[in-house]
Amino acid sequence: MPAHLEPESAAAADTARTVMDGSDIGRALTRISHEILERNKGGSDLVLLGIPSRGVPLAERIAERIASVEGYAVPVGSLDITMYRDDLRMKPARALLPTQIPNGGIDGKTVVLVDDVLFSGRTIRAALDALGDIGRPKAVRLAVLVDRGHRELPIRADFVGKNLPTSLVERVRVRLLGVDDVDAVTILGSEGEGA
Amino acid sequence: MKRHLLSAADLTRDDAELVLRTAEELRSLADRPIKKLPALRGRTVVNLFFEDSTRTRISFEAAAKRLSADVINFAAKGSSLSKGESLKDTALTLEAMGADAVVVRHSASGAPHRLANSGWVRSSVVNAGDGTHEHPTQALLDAFTMWRHLAPKSGGSLDGRRVAIVGDVLHSRVARSNALLLRTLGAEVTLVAPPTLFPVGIESWPVETSYDLDSVLPKADVVMMLRVQRERMHGGFFPTAREYSRRYGLDGRRMATLQDHTIVMHPGPMVRGMEITADVADSDRSVIVEQVTNGVAVRMAVLYLLLGGSQPAVSTEGLSE
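These protein sequence lines map, in sequence, to chains A and B.
Those letters in the first sequence? Residues 561 to 755, by my numbering.
Those letters in the second sequence? Residues 15 to 335, by my numbering.
This is chain A alone, in the form it adopts within the complex:
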């Protein structure tokens, strides 16, 4: 289970600080959708792949916004990276999450990977490896809701909802309607910083 699925303890709830609410998230996704279209010069040959679990609803929301602007549906799917993780051997075997590649495949398409938080960059490295086993996209781009820094690999996002400077002891928690009961980005567990 990813860290952000851990049950919220009472102490953690006390120090949680909301940095994005539902309307902030909505505006960020609308901007990202327009940036994707601008960069791609339209919606042709785009494929959005969300990284489970919370990248998937984000990808779907971006697709909805693109559809309302361009007037047609962009293929959306999901890409599980569990078996490509570099820390697979360091923890008990994990449950797999769904991989759903749209019918047209990804060969020759511009794939936009969508995830909730960009942190060490290791998830994206794994996602690039996973993509390589599925096909050969024309280009791969990365869209994230939150970039919290602390990269451990030479990876950057093309589209960022919010840059969130954090310390390593803090935890960024993204909650999205559909998976959770609310839309919110919160920072937890910082020392001495109450809500």
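The set of hints was computed from the structure by calculation and includes no laboratory data.
A few of these clues could be false.
[As the list claims (entries may be wrong)] Facing chain A, according to a computed beta carbon distance under 8 Å, are these residues of chain B, among others:
hint, residue
1, Arg35
2, Thr36
3, Arg41
4, Ser42
5, Gly322
6, Gly323
7, Ser324
8, Ala327
[To be verified] Residues from chain A that keep clear of chain B, each with C-beta distances beyond 10 Å, as calculated:
hint, residue
9, Arg599
10, Asn600
11, Ser628
12, Val629
13, Gly668
14, Ser680
15, Lys698
16, Leu748
[Claimed, not checked] Computed spacing ranges between beta-carbons, pair by pair:
hint, chain 1, residue 1, chain 2, residue 2, range
17, B, Met111, A, Glu595, 27 to 35 Å
18, A, Asp647, B, Gly133, 28 to 36 Å
19, B, Pro283, A, Asp647, 36 to 44 Å
20, A, Asn663, B, Ser297, 28 to 36 Å
21, B, Pro283, A, Gln660, 31 to 39 Å
22, A, Arg649, B, Ser123, 30 to 38 Å
23, A, Arg696, B, Ser218, 52 to 60 Å
24, B, Ser171, A, Arg649, 29 to 37 Å
25, B, Glu99, A, Pro714, 47 to 55 Å
26, A, Arg696, B, Ala292, 40 to 48 Å
The C-beta atom is built at its ideal place from N, Cα and C for all residues, glycine as well.
Chain A is fixed; fit chain B onto it per the hints.
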């Protein structure tokens, strides 16, 4: 999950459902251009087959290779085993070669258990069929096949589904493993066989029993036919093959009494004309070929969950072993 998969009874409901869900994700791999995942890179899986088997060994081999494991096939014929080497010495050899998992098939019931619990090897042991005892991955692939066909219509589980397992229960490791696993998954199992082909102690199994196939069929959601294992029969269990197939064979007439959604299964190899007629085996209800496809996905799931992490997948009951 425990470190070994020796019996279908080792699996809790959570474990079993985790295997089914994992297999569901892995099944889509068969549709991709590159049928390979990196999860078991650098791990060694030994297929140790003391008894002839084609489909199970190939299925395990394909599963391990698709997960990028190194596979060593060790068949009794042409090895030191035919020269009289003991199970222990074979096990010590495998241990010295650094096997991470041993998939073992043996004609003696309990051989995998001995291998797992003797301290001879540190690897995970997967039972691929031992004598007339158990064949847990076959039960998992059967349950997976049923789950894919029946669970979407009943809220994602096999609770209350009726499964009839028909034929040579006495010699069948498939029947025992299926009875245990299906019970765990909430299905109701009825074993149907002539009185001579029920094992001693059948009363203690978590199943119903019947001698009358025609009364069981109309209520069943799944009908699983078993092969009559004549190679294990040293005596008269029924008068003639023809009489057996008249009373316990599945033919077109009997198939017509099934419910519309009922599926027909067979663990293979089947003897057409004996326990199942060709028109039934080739009918729309038959999922026998799909069972083989599902076998690879289920064995991938088992190998991944046993070997993929630092330790076997954690069930909600916490760490085992």
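Verification of the supplied hints:
no.	hint	in the structure
1	Arg35	7 Å, holds
2	Thr36	5 Å, holds
3	Arg41	11 Å, violated
4	Ser42	7 Å, holds
5	Gly322	4 Å, holds
6	Gly323	4 Å, holds
7	Ser324	6 Å, holds
8	Ala327	4 Å, holds
9	Arg599	28 Å, holds
10	Asn600	25 Å, holds
11	Ser628	30 Å, holds
12	Val629	31 Å, holds
13	Gly668	14 Å, holds
14	Ser680	19 Å, holds
15	Lys698	17 Å, holds
16	Leu748	24 Å, holds
17	Met111(B) x Glu595(A): 27 to 35 Å	55 Å, violated
18	Asp647(A) x Gly133(B): 28 to 36 Å	30 Å, holds
19	Pro283(B) x Asp647(A): 36 to 44 Å	43 Å, holds
20	Asn663(A) x Ser297(B): 28 to 36 Å	30 Å, holds
21	Pro283(B) x Gln660(A): 31 to 39 Å	35 Å, holds
22	Arg649(A) x Ser123(B): 30 to 38 Å	34 Å, holds
23	Arg696(A) x Ser218(B): 52 to 60 Å	58 Å, holds
24	Ser171(B) x Arg649(A): 29 to 37 Å	32 Å, holds
25	Glu99(B) x Pro714(A): 47 to 55 Å	53 Å, holds
26	Arg696(A) x Ala292(B): 40 to 48 Å	45 Å, holds
When the structure is compared with the earlier hints, violations turn up for hints 3 and 17 and for no others.
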